[in-house]
Structures are given as structure tokens and as C-alpha cells.
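Read top to bottom, the protein sequences are chains A and B. Position one of the first sequence corresponds to residue 11 (my numbering), numbered consecutively onward. Position one of the second sequence corresponds to residue 62 (my numbering), numbered consecutively onward.
The set of hints was computed from the structure by calculation and includes no laboratory data. Among the hints, erroneous ones may be present.
[To be verified] Here are some chain B residues pointing at chain A (derived, C-beta under 7 angstroms): (1) Leu-93; (2) Gly-95; (3) Arg-96; (4) Gly-144; (5) Gly-146; (6) Ser-150; (7) Ile-224; (8) Pro-303; (9) Gly-307; (10) Ser-649.
Small disclaimer: the values here were computed from a predicted structure and weren't measured. Here a beta-carbon is modelled for each residue, glycine too, at the ideal position from N, C-alpha and C.
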Amino acid sequence: MGPYVEGHVLSWVLFIPGATALALLAIGAVLRGVFGSSGLPGEVWRAMALGSSSLTFLLFLTGAVPAFDPEKMGLQLVEYADWLPGYGVQYFVAIDGINMCLVLLATLMVPLVLLASWMHIQRSLRSFVFFLLVFESAVLGVFLSFNVLLFHIFWQVALVTMYFMIGIWGGKERIFRATKFLLHTGIGSVLMGVAILVLFRLNLEASGAPGLDLIAQPGSIAPGLLDLVIPVDSSALTWWRGQTGLFIGFALAFAVTLPIFPLHSWFPDALADAPTAGSALMAALLLQMGAYGLVRFALPLFPDAAMGLAPIIQGVALVSIAYAGVCAFFQQDLKRTVAYLAMVQAGFIVLGLFSDQELGLVGGVVGMLSRGLSVAALILLVGMLERRRQTRRIGEFGGLAAPMPVWVVFMGISLMAAVGVPSTSGFVFELLTLTATFFSSAWMGIAACLGGFGMAACLYGMYRKVAFGPLIVESNRGLMDIDWRERTLVLALLIPILWIGLYPNPLLRRVEPSVLEVVRHMSERQAPSPDSQAELRARGTLGQSTLGEGF
Amino acid sequence: MVSELVGGDWSGLRLIPLAPLGVALVLGFDLLFGRRSISRTGISVLAVAGLGASLVASILSFADLVSNEETSALTDRMFTWIGAGVGNSALIGDLAFRFDPLSASISLVVSGVGFLWIVYAVRSPGLLGSGSSDRQRFYCIASFQLGMTLVFVLAENLLLMLIGFAGIGAGAYLFAGFTHADAGRSQRGAWVLTLGRAGDFALLVATLLIFRASGGAGTPSLGVEDVRAALLGLSGVAFALPVWTGLGEIDFLEVIGLCFFLASAGLAGQLLLSVGGSKDSDEPFVGLALMQTVTGFMASGYLIVRFSFVFSAAPLASGVLAVFGTATALVAAVFACRSHSIGRVLMGSSLSQLGLIMMASGLGAQTAAVFQLISHSFFKSLLLMAVGVVILALKGEHDLRHMGNLGSRLTLTRIGFWVGAFSLAGGLPLTAGFFSLQQIVVAAAGADPGFAYNLVYPAVLMTGVLTTFSVVRLIYLALYGENRLASPLHREEVEDPESTILWLMGILATLSILGAVIGFPQFWADFFFSGEIDDSNSLHYFLSGVVSTRAEASLDIGQTWAASGWALVMTLLGGGVAVVVYAVKPASLEALAAFGRRQRMRWGTKMSRFEFRFPGDPKSRVEATWSTLHVRIVASPISETGPLSVSAGLLRYLADRVLKRIQSGFIQHSLALSLAGSLGLLVYFLWAGGI
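Given the sequences, and given the hints that come with them, work out the whole structure.
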């Protein structure tokens, strides 16, 4: 690795896709302006995009992953530079065990999505490639940023690029769906933006220096936000300065993106109407941004508010699991079924994150990765089927095991992962989150198990209707099974699913130290109180000789 | 002993489950991604080698276990499979296998009988399905399910047990939905999968509750031995039920016991659903046979016996187990008597036997339960192999009404039928089945007094009558009486199978008879040997440190012999009735059938008056109701109705009156908006800066 890359791997990873997009745009403009041509052909854009996104993946895989020390606590490969120091905005990127797996997922997904949609995006190909690359940089920025405002900027860019991808390349109702998407996520972002401004003011008041870094770095004048003492309850007039108000500002933005009941209504529509590439990116990456935001910012910054509201949030998560399960049962559209499945998983992730247990946080992080992999695999598979039959209606299928056995097997494995069948990544994630939930409340854990079972039962029914039984619809008879290119694409997602399911320990070993850091920050920032969760935990659950309490 | 032979520590335990799983992986990979390039011979060799290696490893491990007096269990720890959490909530699960007397007994039977079945399948390809890739698919699924059963049995911790359990369910699903193009089979497959998942979740809930409890006690562990110690220490700890139930508290071990019971029942349900009606095909026959003799059946019984110490300390859970087991035994035996499908008759009898095992376990007779598990595997395999011979000879015919008078053509197979039938019915003294049933009947007779328990003993006796009746009926309809074949001349082509299959049946017949020596009841030993043998029941002795046996009910020797005698009488009665009804006086059968039809018509007419009818299709009504709720309340906040309409109206007003003007799509408006936003931000920063 050259001297220019050494020490700046994360910046290269972060900016290669976006810079490629801008370079292609500039070259096109020059060609048009100077030579009067119509700019670079779409095929060149596509090839360059594949090259740059593959390079990003390889660079992260060979440059950042080996350099990451799983035994070390804290941030690694930190890159820090002044940007707008007077306003607390610094260029601050780093990796730890939590975002490393998500960055890996993001860099893997984009080349896969490009290959999956290789011949299927014809309209405005150059714009599509441009938005795809900008989206990749934005998502990577979200995952890598440790400055809150920098995070927010990347967050906004990611939402806007996804808005365009739905609005331009979506289905018949794309404008309505895209607007609905932007309205929901935009309102959430505004609330987060306001909360960030308040945080800035609080930090300024406390230290006299402007700063929005999560963790103070050598050379920075302001303390990190994690060192900022934020009161739990403020007076009626200054409620917006208290942890609860700020937490709600952040959490709403993240809850919309997760998505969770009742803030989810944009999601099935947007996922169903987006092109396969957009849906896959939305499911694999955009949704994880919400869960990641909770782990990275909302929980460590406002631990008392988060834990105070945890029973309500966990209750909402349970409702979300049940609600999405019932909705999935009644869907006639395969993609919408997958959307509700992703919502069920979001419910499990939230259950884990708010369990006040380290296991739950680890489970939540593994859940992000698992959900990204399994739902993206399902979306790709549904897209492959849709291209062959020009429909996604479940009633139009049946007996696909005969003409498309490999598709059926891959669909089965992806579904198994999504519903948490042992030996898949979904099981590891559900096991950890459910274990944590059981520690938090046994009955809540049992309710979550029942929800998971209901969901599995619904999906098995759907799978049977699509894959098995006699071939009644004539059009299905001559369907071609997925080819080698398609198999490779899906396998690239299924192999990690099975790998994590069969041998999760290497992943957990990398995630856990970082999660412990989050737990440490939460414990340090939690106000000591006899009723606090930490106190309860210290007393031990069984000391009361009664199990099952807390329902 | 083996350690000395191989020079060093014998750690071949992993080979027991991993050898068949490896074969499944190779065959599955070739099916999906290869060009199905493995030849038929190659597939057979691989499958036999996988199970053969597993069997050899089981035997060697068993030899090492019994020769090693210093330890009561062998352990093979490969690596930490999952590890997360700290302190009281540290969740650690190793990929490790444990070979104690119970897992040794069961794994020997699973790998041994599984091996015999694989050899049988190699020599009977007609019973593996009719499709071009069916043979490879069968061996792949069979190796997978057998491997997963062995993982389940040998698992050192509950997490690994969960993996094995789910794998057995997945295998059951793959067998149940083997002929997936058949609508009925695919539906059955979905139900099997759903039931399996219900079992998975029940086991998961038990695991997590145990983990929480052991973590709370400061020793978080899911190792089978640690769990035993932790749970025994938790006896008497209360588990609070939700306040709204008004039920207060329940003993923690009762909850765990009920979860284990549900998991086991889930597997039993899978067995029931995996066979179809007389008109359905039951491909692959060998797969379904494996499930009811080795994989699903064994796992269901093993789970209960493994955690017998929970049931010993949980009277409610053990009561539920005993009553449910008795009811299952009785109902399944009736089911076996009624069915015309040869597969369903035997599945009914298998379920009935599983019910007896659950009942015995619920009553604390764990050794009897294990003995029945083992001996059932022998004699039911023998019966099923004999039945397979008939099905193969009749080109896939499963309906007993289209068989008959084949006995003289199948002279050696007929012996297998009768040995298996007598062992199953417990009517042939000195066979394994006879002694295992005797012990179960004695346990039932000695059950604690109480309303439900009072019914157990007569129900067991009745089950004996029905079981004998069903199996004698099966043999009579298949081998004796008039020739009812679809083409009567086809009978002349039927003949005994080749020698390999006869050898396999011979081995199983020998095991069915000689297996008796491992569980020879003490009261029989006292009778025969005048009290000179103290530990005649060597299985009981072997398992004494592992399974938990509740204090025996006080049956004196007279009562024991009376219970034993009644069991024999009832068995003979069932067989006698079958002989009378089918062989001596067939007219009585017609009269019985006519009586049944009359009663059905009579009660059917009466019942129809009380029948509740949904207006329209219930599913579509539920769907419509849900859809309305969904649209009105949640999904469409911009709709005219629903509680969110106020906010939606406000939003619409804002969009119409304000946003539309600002966000017109003109770039100058957009720029102005951005500028205003930036200015606002700047003002805030300045204000925040205190200027």
C-alpha cells in the first residue's frame, strides 16, 4: 500500500465512490463543453462505477480489516482534521468493531447491486450510477463519522440520493412513494438536526469551546460530547435541553429509518416501488443507519433517557413485531412481504438495544449485519423472479421448485436466515437479543419468541405457495433457473449468512470490545439512582427468588 | 482401551455426527452447484461410508467409555462456537460433544440402525422416490437428518442441542415435502416446518430461561451437566406469571418442564404430519421410516429423558407429560387400527409408542422409557423393512385393501413381520419389546393415586389391546386372506427380497429378541434365578448416574406380577379379536363397519344442527377486517378516516398553502430556501456563541 493510502485508508474508502461520481460528471461536462459530444457513454459510467466500488471494497478488506486489532478497545485508524472548527465541525472518521462490519457490508453491497442491475437499468443510466456512488459515499460517511454534524450531513445526503433513486427509477407510483419517503425521513432528520444544535449549545455553555465530536481527540479544543453532562430532567421551560427531549429528537429520526411501528408506513411502499437495486440498498444499508445511530449516538449520549423510556420502546418493538408479522401474512406482493419481514427484524434489534444488556447491544449489531444480508438476498431473489415473470404477486406462482430449484433453495436459506433458523446469522442475532430480553423481562422475551414463531409460520406458508405444489400457472412452466452470474451474486450474501450462523465467534470477538465501550460510556453517564437499571443489575435478578418479573 | 489402541487421547467423538453431515454437504453441494456428477454407486458408497464411520466411532467411543472407570463421560471440545457477554450474562457455547451413558446408548442405536437403513436404501432404490435426482436428494437429507440427530444427542450444551433440534425438524420438513409438486405433500411440509419451529421456540424459551436463572445465580452456563446442577439448585424458586392472569406464581422447574414437553410434542407432531392418507404417495418410504425409528422419534423421547431430572422435581409438568403421553398412546393406537394406508398404520403405532414413552417418563420410569426407545427402534425398523419389501413388490402400493395372500410368496419376510409384530405388541415373552412394555405397565400400575393417574393404567392396557389388534390386522390384510391385488396375477411375481435385505432383517430380528438382555426386569430375574442376580436390568444400572428416577411406587411383588399378567392378557386379547374379526368370522367385520356407518350418520346429523358456520370464507373476512384496520389506523395517514386524519389534514394544509409555494420546483425558490436555512443556522450559532 502506497504512502498516500497508508494512514488514510478510511478517507480513501469514504471518498473513492463519491469522487468517482464527481470525476465522471466533470469529464462528461468537459467532453460536452469542449468537444461538443454527448459526454461519456453510460456503459463507461457503469464500468467505472463497478471498478471504483470494487476497489473500495478491496481497499477496506485489505487495508482496514487486517489493520483492525480486535483485542483493542476504543477507536482505531482514526483520521482527524479541522473543517469548521469555529462551529464544532471536524472531519473525524474512525472504525471500531461496531461500524467495521457495517462498512464491510456497504462496500460489498454496491458492486453486487451494480452487477445485479447490470442490464436492467437503461433509463438515465448515468444519473443512476451517479446517485449510486454518491449514496455509497454518504452511507459510508454515516457509518464512519464520529462528529455528530458530519454524521448528520452524510445522513441527509444518503436520504436525498435514495429519494432520487426511488423517484426516477421506481414503479408506477414512484413520485408519491418517493415524496412519502422523503416526508417521513425528512421530518425525522429535522428533529435530529435540532437536537444536534441544542447539543452544540450545551457543549459550548459547558466548556466554552464549540465542539460536536463524540469523543475528544488530541488537539481538539472542545471536549467530546460523551464527556458532556446532560441533565436527565429539566424544568418545563427548558425540557428541550434535557436528555429526554434530545433523545426523542435523535430516536425519532432513527426509528423512522429502522423502521418501527407506527412510523413505518413509508417503508413497504418505498421498498416495493423502488427498483431492485434501490430496494436492495435501502434494505441492506439505509435501514441499518437507524439502528446504527441508536447504538452510536442515542444510547451513549442519553443513557438515562434511553433506559427510562426502554420499557415503552420495547413494548412498541413487540407491537411492531406482531403488527408486521400480521401484515406480512396478508401481503400478496413478494417484495412487500419482505418489507414487513425487515420490520420484524427491526423489532428484534430494538428489543436487544434497549434491554440494558451488553448481549443485547452485541445482538443488535449482529442483527444489523444479518438483516442487511438476508433482506438484501431476498430482494435480489425477488428481483430475479420479477424479471422473468414481470410480476411479484404470490398468487401468480407455485411449484417453482421444478423449473427453478436453485432459486428455491436460495430463497429458502434467505428466509431461514430472516426468521432466525439455527445455523444462519439470523439465529445468532435473535439468540443474543432474546437472551438479553429475557434478562430484562422473561415475559417480554416469551412474547418476542411467540412473535418470532408467528412470523416464521406466516413465511413458511408464503414460501410453500411460491415454491411448492403443482405448476398451475402455465407461464411458470418454462422459467429458467438463475444463471451463474445471479447465483454468484446471491452466494456472496448467503456465504456470510451461513458463516456467521455456523461460526459467529470471530465476528463477536470483534464487535464485543466496542460494545463494551458503549456500555462503559452509558454506565459512566448514567445518573446514580437507587432505582436505576444499573442498580437493579448489580442486585442480580435471582436474588429476589422470583423469576418472570417485569412484564 | 481405544486410547491405547490409537495411541493417545481418543477424540473421535466429533466423527460420530460430523461424518454423516460431511456426506450431506458433499451431496447437497453437488446437487445445487455441481453437475450431479457423482455416480449412483458413488452416492451410495458415500452415504454408507458416512454412517459407517459414525457407527465405528460410536462403538469405539462406547468401548472407551465402559473401559474407563475414572470418568463417567467423554468430552470432545472443538472450539468456542459463540461467546459474548460478561459476568452473569456471559453466553458461551462451545462446539463440543459429550458421551455419557445416555448419549452413548442413544447414539449407538441412531448410528447403528441408521446404518442398517442406509444399506437397506442402497439395496431398495425403488423406495427412495421416482424422480431423476431423488436418490441423491434422499441420501443428502437422510445423512443430514441422521447427523443432526447425533448432534442433538451428543451436544455438550443446550445451544448445540438447539442446532441439532432445528436440523432434525428441517430434515423432517424435507422428507415430508419430498414430492413437492404434490399440493398435499407441500402443504404437509409447511405444517411440519411450522410445528418444528414451534418446538424450536419452546426449546429456545427453556434455554433462555435456564440461562437467565443460572446467570442470576452467578454461574451462567448452558453445559448439560452445569444445567443439571443449576436447575436442581433452583427447585422451589418461584416464577411470577403476568399479573393480568391472576394466577400468581408457579415453580420455575414446572415452566422449564412444560417447555421441554412442548418441544418434544412438536417433534411428535412432525411425525404425525409427515405421512399422508392412503391416496397420497409416501415417498421416500425409507425417509419416513427413518423418522419414526431413528431420528424424530429418538430425538423426541431423548429430550424428555435427558431432562428427566426436571420432570422429577416438577409434578405439574410430569403430570401433563404422563396424561398427554397416555392420551397420545391411546388415540394414535385407534388411528392405527382405522387406517388403510400401511404407512399410516405404522406411523400410528409409532406415535402410540412415543406416547407410552412420554407416559413412562412422566411417571418417573426413565429406564423403561429408554429401553422402549431402543427396543422400538429395533422392532419397528424390522417391521418397516418388511413392509418396504411388500410395497416394493407391489410397485408402490400402500393401501392395505389392495394387498392380501402374499404370505406364501414371502416366507422369510413373513417371519420378520411376525417377530416385529410380537415385539411391538409386547406379546412374545422374552423379547425386548415384551420386557420394555412390562416395565411400562408396571410403572403405570404403580402411578400415584389421583384422578388422571387412575386412568393411566387402564389406558395403557387398552393401548396394548389396540396395538396388537392393529399390527395383527396389518399382517393379516397384507399377507393372508384373499388376493385383493389390483392385478391378481401380479402375486406370482412377488418373492422374498435379496439376501442383503434378509440379512438386515435378520440382524434387527436378533436385536429385537436378544435386546431383552439389556433391560431384563428385576422381578423376572428374581423369578427365574431365585434372587441370585441383583442387577439384572443392566440398562438401569448403566444409566443410573444420568437419568433421574423418581422413588418407585410401592407395588409389592404380587401386584407387579398381576400388572404384568394383565398386560399379557390384554395383548393376547387384542390379537385374538383381530384374528376373529379378520380370519375366523369376516362377516363380523362387515357388521361392525355397518354399525359404525349408522352411528356416524346419526351423530353427524345431530352435530350438524350445532355446527357453527362462518358467514363467508373466514380467512378472507379476517383479511378484509385487518386490511380496513391497517388502512384506517396506520398505513395511510393521508386518508380521510382514522385517528391520524387531523395531523394528516394539517400536513396537507401546510403542503397546499405553504410548501407548494416555496417548493415550487424552480431553482431560484430552492436556492432562496437554502439561503434562509443557512442564515437561520448562522443566527443560531451566533446566538449560541453568546454574541
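Structure-based check of each hint:
1. Leu-93: Holds. Min distance 6 angstroms.
2. Gly-95: Not OK, violated: Gly-95/B not within 7 angstroms of chain A, min 12 angstroms.
3. Arg-96: violated, 12 angstroms
4. Gly-144: holds, 6 angstroms
5. Gly-146: Holds - the Cβ of Gly-146/B comes within 7 angstroms of chain A, reaching about 4 angstroms at its closest.
6. Ser-150: holds, 5 angstroms
7. Ile-224: holds, 5 angstroms
8. Pro-303: Status holds, d = 5 angstroms.
9. Gly-307: This hint is violated: Gly-307/B lies away from chain A, its Cβ roughly 13 angstroms from the closest one there, beyond 7 angstroms.
10. Ser-649: Status violated, d = 43 angstroms.
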